[in-house]
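Colleague: Each chain, letter by letter, is given below.
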Amino acid sequence: MDPESERRQRLYRVSAIVLKRREQGEADRLLTVMTRDRGKLTLLAKGVRKPASRKAGHIEPFTYVELLVAKGKSLDLVTQAETLEAHRALREDLWRSSWAYYVVELADAFTQDEDPNALFFDLVLETLGRLNAGVDPALAVRYYELHLLSLVGYQPQLFRCVQCDAPLQPEVNFLSLERGGALCPSHGSHHPETIALPVPVLKVLRFMQTRPWEQVAQLQLSPAVSRQVESILARYIVYHLERTLRSPAFLEKLRAMLARTKMVNAEETANGESNGEAALSINDENAPG
Amino acid sequence: MSQTLARPVSNLIELLSRLPGIGPKTASRLTFYLLREPNGLAEALSTALAALSVGTVLCQRCFNIAEQSPCPICADLSRDQTLICVVEEPMDVLAIERTGAYRGIYHILHGALSPIDGVYPEKLRIAELMERVRVGEPREVILATNPSLEGENTAAYIYQQLQTSGVSITRLARGLPVGGDLEYTDEVTLSRALEGRRSM
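In order, the protein sequences belong to chains P and A. For the record, in the first sequence the residue sitting at position 133 is 133 according to our numbering, with numbers rising by one throughout. Just remember that our numbering sits 1000 ahead of the position in the second sequence, which is counted from 1.
Each hint should be verified, as a subset may be incorrect.
Lysine to any residue pairs mimicking SDA-like chemistry, simulated, CA-CA at most 25 Å apart [stated by the list, open to error]:
| id | chain 1 | residue 1 | chain 2 | residue 2 |
| --- | --- | --- | --- | --- |
| 1 | A | Lys1123 | P | Glu105 |
| 2 | A | Lys1025 | P | Gln24 |
| 3 | A | Lys1123 | A | Ser1069 |
| 4 | A | Lys1123 | P | Gln24 |
| 5 | P | Lys253 | A | Arg1125 |
| 6 | P | Lys253 | A | Arg1132 |
| 7 | A | Lys1025 | P | Gly47 |
| 8 | P | Lys73 | A | Ser1069 |
| 9 | A | Lys1123 | P | Leu94 |
| 10 | P | Lys46 | A | Arg1079 |
| 11 | A | Lys1123 | P | Arg22 |
| 12 | P | Lys46 | A | Leu1176 |
| 13 | A | Lys1123 | P | Lys46 |
| 14 | A | Lys1025 | P | Leu75 |
| 15 | P | Lys46 | A | Ser1069 |
In silico negatives: residues of chain A with every beta carbon more than 12 Å from chain P [as the list claims (entries may be wrong)]:
| id | residue |
| --- | --- |
| 16 | Pro1020 |
| 17 | Glu1043 |
| 18 | Ala1075 |
If you only want the chain A side, here are some residues facing chain P, beta carbon under 10 Å, derived [unchecked claim]:
| id | residue |
| --- | --- |
| 19 | Pro1115 |
| 20 | Glu1152 |
| 21 | Ala1155 |
Just so you know, these hints were derived from the structure itself, not from any lab. Glycine included, each C-beta is placed from N, C-alpha and C at the ideal position.
Next up, chain P with everything else stripped away, as it sits in the complex (with noise of 0.2 Å):
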């Protein structure tokens, strides 16, 4: 092989997702990123704490970047670096940037080292442009859980009595994290470690599992439905994962800090009482049964 050629062979290009960093060393970055064609990654980036550093402003976290990576011993080592798309509204919006660091810690905790899921990858660059775009981060985030826990084969099921296999009836039904799926008042309700599911909250976790991202965005949930879609999906995601997470504690946290200081956000209040029965008029034709 002529030198050249070995020389290529070291290097490869990606495609990537910056989820999370750390520091190491002196002035080096230790990155986490998810690739569409090889999976997440682990990756070195020497000198990029100097001001000087080419590549440092490339590989900030939510970033997509193109990488020129070389093969190292033990880490690969980034020797390029050039953003594909910066997220930049979402990365200056504290209050977005929080709903993101949610998106990229899930990303992280769903995903295997070099494990390509590519249809994964794509639901986290789109999440991470809608966020960056400015809708609703609440409806965004919860389409992302619910279509990530599809792709990775946590899918709750949803239309059928986990147990029975009957059509679930327009009644309070009840969520099994244990079965990843719903029960029948026949077999749930009796049951102490299942979430009661009233038929809002259903229809609502099954049209935003089912219908494309552009109708779940023109979806106005009550604060009431919004919460309880929430809290739902955040057991089961933590029930499947078996381990708790940290960013929705800032989330919340931030959450309150901005109601202290009169700064609420704007499309969490607006949303709500006015449009309370929104959730039940938009999904007749996707009632239960």
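Keeping the supplied structure of chain P fixed, place chain A upon it in accordance with the hints.
Modeller: Same frame as chain P, now just chain A:
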């Protein structure tokens, strides 16, 4: 560590390897160097290490690491006490002091917000900063956290909380580094540099 090593040696190796950036190999190399080093470096180090915890306190005003509280910077009345520069780490104070261009005082947060690493607001000295601003009524607070995602988030969080206090809040300028290269500059830095351009 195997039984063949004398306990004081294996003990030191184990302790050294807990330091950031030092693995077991480097730790053993350092240990054996100290063992043979003739000029009493080991003794000097042990005295210095002992003084590290006994001889330092956190300044109760700015939370810098100092020999007494208030620290020399806070106690220096020739400095502008109405100008507070908020930084992430004590090392950042050194960096700013080296410029010789700043004559105000500091507030050290001891970190930056990072939700996925579990660094929440209450782990930082943010509440203490709020209290300082409330009591001391400075004329300006300079947010000098790093221009990284974590630093920006921390600055935004503090800004959010200080907004109603009436104090003037500024952020260090962000743009091109000295010795940098436009071609390799990321678009966020470059657009900020354009936004913050100055007339010559």
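Colleague: Find the hints from earlier in the document that the structure breaks and name them by number, from lowest to highest.
Modeller: Per hint list: 8, 10, 13, 15, 16 violated.
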